[in-house]
Amino acid sequence: MARKKTLHVTDTEFAVLRVLWQNGKETARRITEEVYPNCTASDFATVHSMLKRLEAKGAVKRDRSTHPHGFAAAVTESDIAGLKLAELADQLSDGSMAPFILHLMEAQKLSQEDADAIRKMLKNYKPKG
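Residue 109 in my numbering sits at position 109 of the sequence shown, and the numbers go up by one each step.
Wrong hints could be hidden among the right ones.
[Unchecked claim] Lysine to any residue pairs mimicking SDA-like chemistry, simulated, CA-CA at most 25 Å apart:
1. K84 - Y36
2. K126 - A115
3. K25 - K109
4. K61 - A89
5. K126 - Q112
6. K57 - D43
7. K84 - S42
8. K109 - K128
9. K128 - Y36
10. K61 - S42
[Said to hold, decoys possible] Here are the in silico distance ranges between beta carbons for each label pair:
11. L102 - H69: 42 to 52 Å
12. Y36 - I101: 13 to 23 Å
13. K52 - M97: 31 to 41 Å
14. H69 - A117: 18 to 28 Å
15. K109 - K52: 37 to 47 Å
16. A45 - E77: 19 to 29 Å
17. K61 - E106: 15 to 25 Å
18. T66 - M97: 38 to 48 Å
19. P37 - K57: 24 to 34 Å
In case anyone wonders, no lab produced these hints; they're calculated from the structure.
Note that the structure is predicted; figures quoted are calculated from it, not measured.
Backbone N, C-alpha and C define an ideal beta-carbon position, used for all residues, glycine too.
Could you put together the complete structure from these sequences and hints?
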């Protein structure tokens with residue numbers, strides 16, 4: 001059964017979030033310079049629009065007490081990774097994580113150490129809900 005998606009982040013929005021995860025609170029100008037090293041006014045406008053969208057989605061917090069405004073990530077990289085993985089599982093295996101995880105393990109040639117760690121996590125796993 002497909003899971004309900006609560007937050008969709010585009011690749012470009014992800015690039016903006018990555019800057020915030022790496023640097024913490026930043027201005028729109030600094031974010032633009034990181035995402036577009038040879039930034040233009042058009043690039044700045046693009047990043048500003050992305051920040052507005054990310055703020056509306058609840059993925060970014062804006063600090064209006066400073067000028068220029070500061071922006072910080074309101075979601076973690078792990079939050080986004082989980083959402084993207086759930087989205088892929090929905091697309092590839094009708095929402096079931098088991099075949100998706102099995103494929104990842106086979107494709108990545110799982111080490112014995114990683115396999116042991118996964119077994120331990122599964123043994124201690126308690127489903128939510």
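Each hint tested on the structure:
no., hint, result
1, K84 - Y36, "holds (24 Å)"
2, K126 - A115, "holds (19 Å)"
3, K25 - K109, "violated (38 Å)"
4, K61 - A89, "violated (29 Å)"
5, K126 - Q112, "holds (23 Å)"
6, K57 - D43, "holds (21 Å)"
7, K84 - S42, "violated (29 Å)"
8, K109 - K128, "violated (29 Å)"
9, K128 - Y36, "violated (40 Å)"
10, K61 - S42, "holds (23 Å)"
11, L102 - H69: 42 to 52 Å, "holds (45 Å)"
12, Y36 - I101: 13 to 23 Å, "violated (36 Å)"
13, K52 - M97: 31 to 41 Å, "holds (33 Å)"
14, H69 - A117: 18 to 28 Å, "violated (42 Å)"
15, K109 - K52: 37 to 47 Å, "holds (43 Å)"
16, A45 - E77: 19 to 29 Å, "holds (26 Å)"
17, K61 - E106: 15 to 25 Å, "violated (40 Å)"
18, T66 - M97: 38 to 48 Å, "holds (42 Å)"
19, P37 - K57: 24 to 34 Å, "holds (26 Å)"
Violated hints, listed in ascending order, are 3, 4, 7, 8, 9, 12, 14, 17; each of the other numbered hints is respected by the structure.
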